[in-house]
Amino acid sequence: MEYYFNHIINCFVLKEMGAGLSIVAEGEENKLKKEFPQAKLLPIEKNFTVLSLLAKKDNYQAFYEKNIEQTKEDLRKSVNEDCLIIQAIANINELDRVVNILAKRLREWESWSYPELSEEIMDHKTYAQLVLETIAESRTNANSMGADLSSFHLEEIKLLASEIINIYSLRHKHEAYLENVMKEYCPNIMELAGVTIGARLVELGRSLKHLALLPASTIQLLGAEKALFRHIKTGSRSPKFGVIHAHPLVQKAKREDKGKVARMLADKLSLCARLDYFKGEFKAPDYKKELEEKIAVSSNLIKTKYLTKRNTDIVLTGEEHKSMVKQEYKQKPLPAAIKTFVPKAYPAKYSAPDKRLIASKNEDQDSKESAYNRSSPNGGYEAFREKKKIGFSKNRGSRHSGKKKFYKR
Amino acid sequence: MITPHKVFELYNDDKRRLYTKSIHPGSIFFEEKIVHAGADEYREFEPRRSKLAATIAKGATNIGIRQGMIVLYLGASHGYTPSFISDMVGNEGLVFGIDFAPRVVRDLVFLAQKKKNIVPILADCNHPENYAHRICAADIVYQDVAQRNQAEIFLENCRLFLKKGGYGLLAVKARSINAKENSKKICEEVRKMVEKEMTVIDFRMLEPFELDHAMIVVKK
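Line by line, the protein sequences are chains A and B. In terms of numbering that gives the first Met the number 0, the first sequence is residues 0 to 408. In terms of numbering that gives the first Met the number 0, the second sequence is residues 0 to 219.
Please note that the accuracy of each hint is not assured.
As the list claims (entries may be wrong) - Computed far set for chain A versus chain B, every beta-carbon distance over 12 angstroms:
| # | residue |
| --- | --- |
| 1 | 7 |
| 2 | 284 |
| 3 | 286 |
Stated by the list, open to error - Mimicking BS3-like on lysine-lysine, the simulated pairs with C-alpha atoms at most 27 angstroms apart in a straight line are:
| # | chain 1 | residue 1 | chain 2 | residue 2 |
| --- | --- | --- | --- | --- |
| 4 | B | 219 | A | 55 |
| 5 | A | 45 | B | 219 |
| 6 | B | 191 | A | 55 |
| 7 | B | 183 | A | 225 |
| 8 | B | 115 | A | 76 |
| 9 | A | 45 | B | 163 |
| 10 | B | 20 | A | 45 |
| 11 | A | 56 | B | 20 |
| 12 | B | 113 | A | 56 |
| 13 | A | 65 | B | 184 |
| 14 | A | 71 | B | 183 |
| 15 | B | 162 | A | 14 |
| 16 | A | 45 | B | 183 |
| 17 | B | 115 | A | 65 |
| 18 | A | 56 | B | 32 |
| 19 | A | 56 | B | 114 |
| 20 | A | 55 | B | 162 |
| 21 | A | 76 | B | 113 |
| 22 | B | 114 | A | 55 |
| 23 | B | 184 | A | 56 |
| 24 | B | 179 | A | 55 |
| 25 | A | 232 | B | 184 |
| 26 | B | 115 | A | 56 |
| 27 | B | 218 | A | 232 |
| 28 | B | 195 | A | 45 |
| 29 | B | 218 | A | 55 |
| 30 | B | 191 | A | 71 |
| 31 | B | 20 | A | 55 |
| 32 | A | 232 | B | 219 |
| 33 | B | 184 | A | 55 |
| 34 | B | 20 | A | 232 |
| 35 | B | 114 | A | 71 |
| 36 | B | 113 | A | 65 |
| 37 | B | 219 | A | 56 |
| 38 | A | 56 | A | 45 |
| 39 | B | 218 | A | 225 |
| 40 | B | 114 | A | 76 |
By construction, these hints were calculated from the structure, which means they are not laboratory data. Using N, Cα and C, we set each Cβ at its ideal position, and we do this for glycine too.
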């Protein structure tokens, strides 16, 4: 039986010799196929025998040369839009950090000459522009408490200000570039998440392919890894959003709704990532509309839910609520069952017992015990509670008696 | 004073630092310390940077690597440990370095251009069929990958490529398997899994050099 085996260093034809295999010929695939027309592709189970036959010193050079060539080719092919988006957004993040440091220095430096300007203007970009514009004029302002510096000193400050403006314009160009790249590559994500958040999602998901394979719950928490693992390890509060926290929909939502909105947004984002990766339709605007409607409805729902919950909790709400609820109660008489309600969980002897039983037992019983069993309006369990001075809270168990939080280091 | 270590192909100095004999004298690859003794040049092998060095520093005596062996290195990364294994196997040996991240394979190619016995391959260890036609049977399989199913990957690769009587070295990253569980417990579970197919020679937790890591040395 003859087999052929296609290896990177060459194509081999093998023949079964007893139990093992031995190499009969090697050369180009097409040539060998003509020479050995009966040869079949080697079954995978027998791969190992060939691979051990190839483990010879003579082949090392071929292994090295062929593989390094192939690897270089693979590396060339591995570059795609993902890499470019990731580099651009990473540089935007870095520029943000750098510009903050430089702007702080500019404020300190320039403030020797004109401190009022720094105090007045909070935005770094407009501040740098104003510095550049005003610094040329001689600053002999009587109202200012800054020193009257000569142009020799001011020139240096001017250089720094122009550099900061350059960084801002570079950042702006990066954003425009990202928009152009993403419009082609992942239009749905860009439409729904915006340029920066979309690019950050691609960066944190490592690639669009990986992002498309992630579940929505992971996309919701991309960028919140530290909080997530802290939550898993120590049982602290779980994070509700990662980078999508900066999204306008999440920003607009009320504090208690933010987690819910983030969940809904992440759901749609995961759909968008899949649409983009598999080159689907442009559906993001529909999703956006749907999401906005859903959020509007659900936030109303949440409102009504909270209101009804609070109405029953009479003590906690303000005077208005009190009167409102009282009116409601007046209109609706309480059901009969509640008036004569005796909790089942209490032991039988504390509950209101049958009168006849007491009548027969009353004489023999201790006065102490009979006090518990009296069927007067204030008797029974109430009397027992007063006597023992037990509050309700104790019988109900403390607030922390239930599930204990799991702390572990 | 450079003296041979009790582990083959490794050397000690008087402060018990680890060294390998460089097969390319005169070149530094990872800003490591270089010591000259006679005509030979020795490169320092730091336990803080390599799990293999950490295993030896923790007292492992048998790792199976000898001159002239073929090593399959899964998860080669930038090539710090592969560069020392390449010193250990010498010019007669070969190291196949496999990684699936293009960024680090780029560095590995630059290393391989200097060290001619390292063969860089860009492939995913999860799919051995993608690189089965690019390598040959190996005497040693060394694995250091941050995957949840690292034990299965190791076993699969040992089945396909490890010669009988060859050694397997598995660096277990407990935090890649489970972020919450006790790391020793996870490593013991991996050990049990590996033990079903091969004999475990050595099992070491790598503290204090690496947290939540273990090295398992097996023989097929």
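Going through the hints against the structure:
1. Once the 12 angstroms rule is applied to beta carbons, residue 7 of chain A is inconsistent with being away from chain B; the minimum gap is 5 angstroms.
2. Residue 284 of chain A, annotated as away from the interface, keeps every beta carbon of chain B farther than 12 angstroms; the closest lies near 35 angstroms.
3. The non-interface label for residue 286 of chain A is consistent with chain B: the shortest C-beta to C-beta separation is roughly 31 angstroms, beyond 12 angstroms.
4. For the given pair, residue 219 of chain B sits about 21 angstroms from residue 55 of chain A by alpha-carbon distance, which is consistent with the 27 angstroms threshold.
5. Between residue 45 of chain A and residue 219 of chain B, the direct Cα distance comes to roughly 18 angstroms. Compliance with the 27 angstroms bound is thereby established for this hinted pair.
6. Straight-line distance between C-alpha atoms of residue 191 of chain B and residue 55 of chain A comes to about 34 angstroms, which puts the hinted pair past the 27 angstroms bound.
7. Restraint check for residue 183 of chain B and residue 225 of chain A: the C-alpha separation of about 23 angstroms stays at or below 27 angstroms, so the hint holds.
8. For the hint linking residue 115 of chain B to residue 76 of chain A, the alpha-carbon distance of about 24 angstroms falls within 27 angstroms, and the restraint holds.
9. Pair hint residue 45 of chain A plus residue 163 of chain B holds up; C-alpha atoms about 15 angstroms apart against a cutoff of 27 angstroms.
10. Between the alpha carbons of residue 20 of chain B and residue 45 of chain A the distance comes to roughly 38 angstroms, so the proposed pair goes past 27 angstroms and is violated.
11. A C-alpha spacing of about 21 angstroms is found between residue 56 of chain A and residue 20 of chain B, which places the hinted pair at or below 27 angstroms, so the restraint holds.
12. Our distance criterion of 27 angstroms between C-alpha atoms is met by residue 113 of chain B and residue 56 of chain A, whose separation comes to about 19 angstroms.
13. Our distance criterion of 27 angstroms between C-alpha atoms is broken by residue 65 of chain A and residue 184 of chain B, whose separation comes to about 43 angstroms.
14. A threshold of 27 angstroms between alpha carbons decides the hint, and for residue 71 of chain A with residue 183 of chain B the separation of about 40 angstroms lies outside it, so the pair is violated.
15. A hinted pair counts as satisfied when its Cα atoms are at most 27 angstroms apart, and residue 162 of chain B with residue 14 of chain A qualifies at roughly 21 angstroms.
16. Restraint check: the Cα-Cα separation between residue 45 of chain A and residue 183 of chain B comes to about 38 angstroms, which exceeds 27 angstroms; the hinted pair is violated.
17. Of the supplied pair hints, the one linking residue 115 of chain B and residue 65 of chain A holds, its CA atoms being roughly 13 angstroms apart against a limit of 27 angstroms.
18. Pair hint residue 56 of chain A plus residue 32 of chain B does not hold up; C-alpha atoms about 31 angstroms apart against a cutoff of 27 angstroms.
19. For the hint pairing residue 56 of chain A with residue 114 of chain B, the CA-to-CA distance comes to about 16 angstroms; that is within 27 angstroms, so the pair holds.
20. Taking the CA atoms of residue 55 of chain A and residue 162 of chain B, the gap is near 13 angstroms; set against the 27 angstroms cutoff, the hint holds.
21. Our distance criterion of 27 angstroms between C-alpha atoms is met by residue 76 of chain A and residue 113 of chain B, whose separation comes to about 23 angstroms.
22. A hinted pair counts as satisfied when its Cα atoms are at most 27 angstroms apart, and residue 114 of chain B with residue 55 of chain A qualifies at roughly 19 angstroms.
23. A hinted pair counts as satisfied when its Cα atoms are at most 27 angstroms apart, and residue 184 of chain B with residue 56 of chain A does not qualify at roughly 42 angstroms.
24. Between the alpha carbons of residue 179 of chain B and residue 55 of chain A the distance comes to roughly 46 angstroms, so the proposed pair goes past 27 angstroms and is violated.
25. Annotation: proposed proximity of residue 232 of chain A to residue 184 of chain B holds, straight-line Cα distance about 16 angstroms (limit 27 angstroms).
26. Of the supplied pair hints, the one linking residue 115 of chain B and residue 56 of chain A holds, its CA atoms being roughly 13 angstroms apart against a limit of 27 angstroms.
27. Restraint check for residue 218 of chain B and residue 232 of chain A: the C-alpha separation of about 36 angstroms exceeds 27 angstroms, so the hint is violated.
28. A C-alpha spacing of about 23 angstroms is found between residue 195 of chain B and residue 45 of chain A, which places the hinted pair at or below 27 angstroms, so the restraint holds.
29. At roughly 22 angstroms between alpha-carbon atoms, residue 218 of chain B and residue 55 of chain A fall within 27 angstroms of each other, so this suggested pair holds.
30. At roughly 39 angstroms between alpha-carbon atoms, residue 191 of chain B and residue 71 of chain A are farther apart than 27 angstroms, so this suggested pair is violated.
31. For the suggested pair residue 20 of chain B and residue 55 of chain A, the alpha carbons sit about 24 angstroms apart, so the restraint of at most 27 angstroms is met.
32. Distance check on the hinted pair: residue 232 of chain A and residue 219 of chain B sit about 37 angstroms apart at the alpha-carbon level, beyond 27 angstroms; violated.
33. Under the criterion of a C-alpha separation no larger than 27 angstroms, the hint pairing residue 184 of chain B with residue 55 of chain A is inconsistent with the structure, at around 41 angstroms.
34. Simply put, residue 20 of chain B and residue 232 of chain A have alpha-carbon atoms about 44 angstroms apart, too far for the 27 angstroms limit, and the pair is violated.
35. A C-alpha spacing of about 16 angstroms is found between residue 114 of chain B and residue 71 of chain A, which places the hinted pair at or below 27 angstroms, so the restraint holds.
36. Distance check on the hinted pair: residue 113 of chain B and residue 65 of chain A sit about 16 angstroms apart at the alpha-carbon level, within 27 angstroms; holds.
37. With a C-alpha separation of about 23 angstroms, the suggested pair residue 219 of chain B and residue 56 of chain A falls inside the 27 angstroms cut-off, and the hint holds.
38. For the given pair, residue 56 of chain A sits about 22 angstroms from residue 45 of chain A by alpha-carbon distance, which is consistent with the 27 angstroms threshold.
39. Taken as a hint, the residue 218 of chain B and residue 225 of chain A pair is broken in the structure, with Cα atoms around 39 angstroms apart against an allowance of 27 angstroms.
40. Between residue 114 of chain B and residue 76 of chain A, the direct Cα distance comes to roughly 24 angstroms. Compliance with the 27 angstroms bound is thereby established for this hinted pair.
Hint check: violations occur at hints 1, 6, 10, 13, 14, 16, 18, 23, 24, 27, 30, 32, 33, 34, 39; the rest are consistent with the structure.
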